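Protein chains: 2
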Amino acid sequence: MRAFIAVDIGGTQIRVAVFPEQSAIPIVQQRIRTVAEGQTAVERMIGLIEKLWPKETQVDSIGIAAPGFLDPKTGVVVTAPNIAGWVNLPIAEIIRKRFNVPVYLGNDANLAALGEWHFGAGRGYSDIIYITVSTGIGGGLIAGGHLVEGAHGMAGELGHVMAEPGGPLCGCGKRGHLEAVASGTAIAHYMADKIESGAPTVFPKGSRPNAKETALAAQQGDALSIEAFDRAGFYLGRAVADFLHILNPELIIFGGGVSLSGDTILAPMKRSLEDHVISKEYLKDLTITRTVLGDDSGLMGAYALMLSKLEKS
Amino acid sequence: MRAFIAVDIGGTQIRVAVFPEQSAIPIVQQRIRTVAEGQTAVERMIGLIEKLWPKETQVDSIGIAAPGFLDPKTGVVVTAPNIAGWVNLPIAEIIRKRFNVPVYLGNDANLAALGEWHFGAGRGYSDIIYITVSTGIGGGLIAGGHLVEGAHGMAGELGHVMAEPGGPLCGCGKRGHLEAVASGTAIAHYMADKIESGAPTVFPKGSRPNAKETALAAQQGDALSIEAFDRAGFYLGRAVADFLHILNPELIIFGGGVSLSGDTILAPMKRSLEDHVISKEYLKDLTITRTVLGDDSGLMGAYALMLSKLEKS
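So the sequences go chain by chain: A and X.
Residues in the first sequence are numbered consecutively from 189, following my numbering.
Residues in the second sequence are numbered consecutively from 189, following my numbering.
Treat the hints as calculated values from the structure; they're not laboratory data.
None of these values were measured; they are calculated from a predicted model.
One should not assume that every hint holds.
Note: identical chains are not told apart, hence a pair may lie in one copy or across any two.
The calculated lysine-lysine pairs, modelled on DSS-like cross-linking and capped at a C-alpha distance of 30 Å, are [claimed, not checked]:
hint	residue 1	residue 2
1	Lys472	Lys500
2	Lys239	Lys497
3	Lys362	Lys468
4	Lys472	Lys261
5	Lys243	Lys497
Could you put the whole structure together from the sequences, leaning on the hints where they help?
See below:
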């Protein structure tokens, strides 16, 4: 019997899980904060892997889901904006040298798609778009039964397609991207601006509700909050129409905090999608659903990545 | 020895070529007009296949590249706007029943991408976007060494992504699609409007230059013609930036009549692309080139489709 060590590293926390062969239930898992005084994120990650390293089972490989731009072929993180010092970091090589087992690296959103496909909402489908809508917007693609990572692992940046030319500033520094008009951050910005300008709402003047608070208010009938989600859903649906024209998937999985608001975001998204597709054929056998794995999707994707390498070897 | 019969059917002409095994040079090929009095397009296609049917060689299969929405899995053309009567047409079954060999069907732009990948500009690459810019805009995708057709063969409709919300009417009936602002038709419309409104140009008032004529005038320094191509190139580059963010290809192949104008369209496209990518990493190893197969790409793609089925069986 062999074990597989899955790692999901983000700006806030590092998660490690040890999976036995042929089971989706980890033997052991733990999460720690990414940032701590006197230790780098890499040191903390190595420390947690050491702590959970199985004593009596051979480790097959380590799979790592990481944020930002990274190249799965070289195992190098080019930039990870949320983790200090992660620039051109050969993380796969560092971990391989330390533990002496094969190390596989993937982008967290791409691996979330892989995780949902193997273990979650995507089981049995071949053409899937996974879209995570939280503070930012990311994505992962399965096309014809293959994970689409692109030439250098930078595919699936669905938050950075043009949604409204000349529109609000995006986290990436460009204007009008989908993330700038439809993410949780975009919803919060829209609310703050409207509250500031005196639009009628349950929120007091000067307040800055986040997307979750706005969703709750929308569900209780607050007109401005409904408008904020309708606007985000409109842009999301128009972008999803483009994704359908490009990729013709049979399944769209929504993940991320904003998707937890359910129909508050998904109903206007679907209306907009129906308005913008060039043919109803794209919607005929299309399923739109939400993540099954939730926060575990990246970790499960790192595990699925190791299993896929196994199949190829 | 076996032979492979490739068919490329369009609104104007039907082309049939017979390929020997392991050669990209056809034994025989011929083209006829799609439309003729007293015969349907299907009858004309069958007639041409019969005429070229090899007498002393066994036929392995027939591969068909066709326009419009079609499902490669069922072999049914759902709609082909340019061919009268092609609605829910089970073309693969019709041809298979007539000739008693396996028949494979693919969208012409998707198969053009496959053709370029196997025999043309895409040889040796794994992640390719093929974009054809002529009267309309179409596309085909290779991701991770696999042709992306989508769940029902409708992937790669790159002309119908949103380029300018509220912009000019597209051939599909929606507004502001890439095809409506960057195709040859869009360039011609832009010229006609500007000439009508009295913009200075070498073209006389009331004239309606097509994209080819406009390209020649641009190359001779006509400011309005340069402006028309700069505008098309701007939109094309911005859309290509989105395609890079979604698919991270290593190669982009431009085909279609408008791409024959070379740098007249590609130089403004590249400037816009550089302005719109979120990271220079997307451009680092990116090659931008033009089709090698030209008009033969669909036919060669139909041949490549048959070869790919051979590999799988």
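Hints versus structure:
1. Within a single copy, lysine 472 and lysine 500 get their C-alpha atoms only as close as 34 Å, which misses the 30 Å cut-off; across copies the closest is 29 Å, which meets it.
2. For a Cα distance limit of 30 Å, the shortest separation of lysine 239 from lysine 497 inside one copy, 25 Å, qualifies, whereas the shortest one across copies, 49 Å, does not.
3. Taking the shortest Cα distances, lysine 362 and lysine 468 sit within 30 Å of each other only across copies (13 Å), while inside one copy they are farther apart (33 Å).
4. Within a single copy, lysine 472 and lysine 261 get their C-alpha atoms only as close as 37 Å, which misses the 30 Å cut-off; across copies the closest is 15 Å, which meets it.
5. With identical chains, the CA atoms of lysine 243 and lysine 497 are at most 30 Å apart within one copy only, with a shortest distance of 24 Å there and 47 Å across copies.
Checked against the numbered hints given earlier, the structure satisfies every one of them.
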